[in-house]
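Below are the chains, spelled out letter by letter.
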Amino acid sequence: MTDTDLQRFLPLKTQWFHILLSLAGGEQHGYGIMQEVLERTGGKVRLWPATLYGSLKRLIETELIQESAERPAPELDDARRRYYRLTALGRRVLDAECERLQDLVRAIRVKQAMVTE
Amino acid sequence: MNFALRIYRRLAEAFPHEFKLVYGADVVQLGEDVAVEIAKQHGVGGLIRLIADIAIRVVVEYLSEMRRDLRYAVRALIKSPGFALVGIISLGLGMGVTTSVFSRLWAQLFRDLPGVANAQELVMSQNPVSYYYSERYREQKSLFAGVAAFQNGVPFNVALRGNAKPERVFGQLVSPDYFSVLGVKPQRGRVLDPDIDRPGDAPVVVITDRFWRNRLNSSPDALGKTLRLNGQTATIVGITPKDFRGALPFVTAELFVPVTAPAALAPELANDILHKRDAKVFQAMMRLAPGVAIDSAEAGLDTITRRLDDQDTSKPVRGDKGRRVTLLAGRAVLPIPRALKPVVVGFVAVLIGLVLGIACMNLANMLLARGAARSKELAIRLAVGASRFRLMRQMLTEGILIALLGGLAGFGLAYWLSMLSSQLKLPSAVPQDFDPNLDWRALVFTFALAIVCGVGFSLVPALQATKADVAPTLKEGAVTQLRGYRRFGMRNLLVVGQVAGSLMLLLITGFLVLGFSKTGNVQTKFDANTMYLLSLDPVRDGYSPERAEALFEKLPERLKASAAVQSIALAAEAPFSIASRTAQLTAAKDSSDPSRLKLVVKETVGAGYFATLSEPMLAGREFVERDQRLETSADGSKAVALPIVLNESAARGLFGNGNAVGQRVTEDKQLYDVVGVVRDLKNGIADEDQPASALYVPLTRRDFASPPAGGITIMVRSDAGTDALGGIRREIASMDPNLVVFDVRTLGEYLEFSRSFMRIAVDMYGGIGVFGLVLAAIGLAGVTAHAVARRRKEIGIRMALGARKAQVLRLVLREGAVLVVVGTALGFLGAIAMVKILSTLTSIFAEAFNVTTNDPRLVVGAPLLLAALAMVACYIPARKSAKIDPIKALREE
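As they're listed, the protein sequences go chains A and B. Using this note's numbering, you'd call the opening residue of the first sequence number 26 and step up by one each time. Using this note's numbering, you'd call the opening residue of the second sequence number 138 and step up by one each time.
If you are wondering where the hints come from, they were derived from the structure by calculation, not from laboratory data. Please note that the accuracy of each hint is not assured.
[Claimed, not checked] Calculated Cβ distances over 10 Å to all of chain A for the following chain B residues: (1) A141; (2) A149; (3) G168; (4) R186; (5) A210; (6) D346; (7) K691.
[To be verified] With beta-carbon atoms standing in for the labels, derived distance ranges: (8) V485/B to K82/A: 45 to 55 Å; (9) K82/A to L630/B: 41 to 51 Å; (10) G320/B to K82/A: 58 to 68 Å.
These numbers were taken from a predicted model, which means no experiment stands behind them. By construction, the Cβ of each residue, glycine as well, lies at the ideal position given by its N, Cα and C atoms.
Construct the complete structure from the given sequences, taking the supplied hints into account.
Dropping the structure here:
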C-alpha cells in the first residue's frame, strides 16, 4: 500500500473519522463508539444509530475496520454486542488523515500569527 | 416515546434483507438504548431526528444495493455480449418503431393546437359549411363564445416588391374574428379584428413568424410594408407568434387574409360566395361557451342546421334522420371524429403490443435459457443466504439494463426516423406541414416502455430461475431433472405465443402492404419521362377571369406551334393523381330512384386530354376546345347539360351493356350528356381488381377563373431528348413574363413522387412484419439449441442404446414442429379476428383489407413462410443433437 493509495481515502467523511478515532484506542461496540464520540466532542457530534451502522458496514467493506472475533474480559463483555477494531489499513488511513488535519491547523496558526502581528 | 420506537422498529424492518441480516438487531438495540437519553436531552425534536435518520438510511441502503446490482448486471452483460447485443438490437428496433409511431400519433391526435389559448374549448365542424351558415352559428351565443370560418391551403402568388418575381405561398382565408376565437395575440402589430376589418377596406394581411423570418429576414420595419398578393397590394398589419401555425396546421399556412378582401385578391371569394347559403367551402372553428359540453353543442347545432336547411326552398326537403352536423374536438392538430379515435389508438396499440410483445417474448425465452444455465450460480447464492427477492431483483436489474440500452438505441432510431420523415414531402398540391419532432413525451414514453419491457421479459425467467431447488442443483450434474418435453411449460408457451404473434403481425402488415402497393402502380402507354407537367394560375398573377380564359385559349395553340411539342392538354389536376373529388351519378331515366345512385370519381380535364395520354376512345368523342368555352355556375342552377366522358366501369354501372354515348346522366341537379367512353385509367386509389368508376367533366370558364389549389396543369408530350421544357418556358414568358410557372416536372417524376408516400408506408409495414419474422426465428433457434443442450444426456443414452441420428433429429424437431404448428394456427385465427374487428370498426382499414384478405399469396404464403423459417430455425440447432457423442455425454456426469 503506497501513499497515493492512502490518499484516495482522504479527506475522510466526518463520521468515518470519528469512528476510526474512537477505535484507535482499542476495539469497541456500536454503543461505545457513539458514547465516546459524544463525550469527546462535548455533545456536539452525535452519530445517529442507523447512520452509525451504515458507516460501519461501509468501513468494513472498504477494509478500514473489521469485526473483532476476540471478546474483552468477561466482566466487561456485553454479550449482546458486536465489537469492531481498526485494520492495519484503517490505522494508516487514520494517521494520514490526522497528519493532514494537523497540517491544516499549522497553516491556520501561521496565518493567525501573521494577521495579529 | 413508545410510539416513536414503534415507528423506529418498523423502519428497521424495512432495511434490505442482507443489511438486516447483519445489522438489523444492532440498529434496533442501539435505538432502544439511546432513545430515552435522546428524548431527555433533545425532546421531541431528537426523536424526530432519530426516525428521520433511519428513514434516510433505509433509502440509502437500497440505493447502494441497486448500484451493486447494476454493476453486477453490467459485468454479466459484458460476459455474454452476443445475448446483450441481440437483446439491445431487437428491443431497440421494437422501441424505435413504436416511439416513432407513438410520437406521430400523439403529435397529431393529442397535442394541443400550438399557439392557441384554452384549446380544450375549441370544436370544429367535421364537414365544411357555407360562410352564411357559420354566421348563423355565430349568433348562438348560448352555445358558442365565438365562431370563426376559414379556408386553408389557399394559394397566393406573393411578390415582396412591386416588380419582383412572385412566389407561390399558401395561406388561409379567415373571418375577421379568427384570431379572437383561437385566442391568438400578435407578436407585432395587430391581428385581424371584426371591429376594424370591414368589407371594402384596403386589403390587409397578417403574416406568420415563419413568413417574416424566411421571406422578410425578420426585418424590423415589416409592419406597414405592402406585399403584392395575386397581383393586388395588401398591407402587412401584424405578425403572429412564433409557435402559431394556424388552425389545421398540417397544411402549411404562411399568411392570413381576411374574407373582407376583394375578390380580385382572392379568387376564392368570387361569385359572392360569402352570401351563398350552399357554398360549403369553409371550415368552422368554434369556441364553446363556458359550461357547454361538446355533445350538447352538437345537438344544438344540428337543430339549427336542420332549420336552416329547411328554409332553403330551392333544395328538396331532406327527410333523413341522421345528424347533419358532427363536431370534432378542435384542440388536436389533426381533428378526427371522436368515435374513430379509440379505433385508431386501438390499432396502433395492437401493432405496438405485437411488436414489443414479440421482442419481449423473444428476450424472455433467451433469458429462460440463460436462467437455466445460470441455475448453479443462483443456487450457490441462495445457499449462502441471498434472498430470493434479492436474486430476482438482480435479474430484473439485468433485464431493465438491457431494456434501457435498447430504449436508448430505440430513441436514436426514432430520432432518425423523425429526421427522415421531416424531409418527406407528401404528394399533394398544397404543401403539408407535419411536425414530426420528438419531444419530451416521446422520451418519457420510451423510458416507461423500457422499464415495462425490462420487467415484462425478465420477471417470468427470474421467477423460474430462482425457484431452483438448491440441493439437487448443487450436485455435480447441472442438468438433473429430465423433464424433456413438457407440454405446458413456460418456455413452450412463450414460443407458441411468439410464433402466433409474429404471424399475426406478418399477416396484418402484409394485408396493408399489398393493399397499398396495389393502389400505387401506374402503367402509362408511353414513356412517362416524355410528358412534362407545368402549372399556371394566372388569376393569382393578377389576371381578370376574362384575361385568364383568353390566355388558356391561346396557350395550347402557341405551344403546339413549337416544334418540340407533339401534343398538349390542360387539366385541373395532374393525371393519375389521388382522386380528391367524387360525385353521385344516376342515369337520367332512373333519377327518381335513389338506389340507382352510383359513386364515381370526378376529374376535370381539358380538350385532347385522352389523346395526349395515348388513350383511344372506346366510343364517342373526347373533349374539344369548344367544350372549354361552356358557361357553368357553382350550383348548376343554369341547367346547361355539360358533355362528359365516362370510363368503362361507370358506363357499365349506369347503362349495363347498352351504349352509353348519347345518354343523359344527372348529378344532383346538374345534367350531363355522355359524349364518350374511355378505358379505366388508374387514378391512385383503384387497383386492377376493383377499378373505380370515373366521370370526366370538361374544364370550363369557371375553372379558369378560379383554379384549384394546384393551379391549371398543362400536360405536354414531346419527343424524347428534345429540350421541350426550355421552349415551353420561353413561349410562356414571351406571352407574359410575369406569369408564375410552378410544379414543373415530368410525368415520370410526378408518379415517382406520388408513389413515394405509399412506398414508405409499404416499407415501414413490411419492415415491421419482417422484423417479427426474424425475431421469431431467433427465438425458436435459441429455444431449440437450449433444449438440445439440456437433453444432452438423454440423447446420449438413447444413442448408446442404438438410436440412429435421424431418429434423434426427428425427436428434437418434433418438439419444435408441434410448437410451430400450434402457434401458426393460433396466429392465423388471431389475424383473421383482428382484421374482422378492424374492418367493422372503420372503413379506412376495410378498404385496404378488403382487396387483400383473399389474396392466396398472403393467406397461404405467410403461414408457410413463417413455418418454413421456424423449422429452419429449429433444424440448425437440432442438427447439433445428432452430433452428440454418447460416450462423452455420458461421461460428463
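Status of the hints after comparison with the structure:
1. Its beta-carbon lying about 13 Å from the closest one in chain A, A141/B satisfies the requirement of being farther than 10 Å from that chain.
2. Not every CB of chain A lies more than 10 Å from the CB of A149/B, the least distance being 8 Å, so the non-interface label is violated.
3. A beta-carbon of chain A comes within 10 Å of the beta-carbon of G168/B; the shortest separation is about 5 Å.
4. Residue-level check failed: R186/B sits 7 Å from the nearest beta carbon of chain A, not beyond 10 Å.
5. At roughly 19 Å from the closest C-beta of chain A, the C-beta of A210/B stays outside 10 Å, upholding its exclusion from the interface.
6. At roughly 54 Å from the closest C-beta of chain A, the C-beta of D346/B stays outside 10 Å, upholding its exclusion from the interface.
7. Every beta carbon of chain A lies more than 10 Å from that of K691/B, the smallest distance being close to 90 Å; the non-interface claim holds.
8. At about 49 Å, the beta-carbon gap between V485/B and K82/A stays in the expected band of 45 to 55 Å.
9. For K82/A and L630/B, the Cβ-Cβ distance of about 43 Å falls inside the hinted range of 41 to 51 Å, so the restraint holds.
10. A C-beta distance of roughly 60 Å is found between G320/B and K82/A, which places it inside the suggested range of 58 to 68 Å.
Hint compliance for this structure: hints 2, 3 and 4 are broken, all remaining hints hold.
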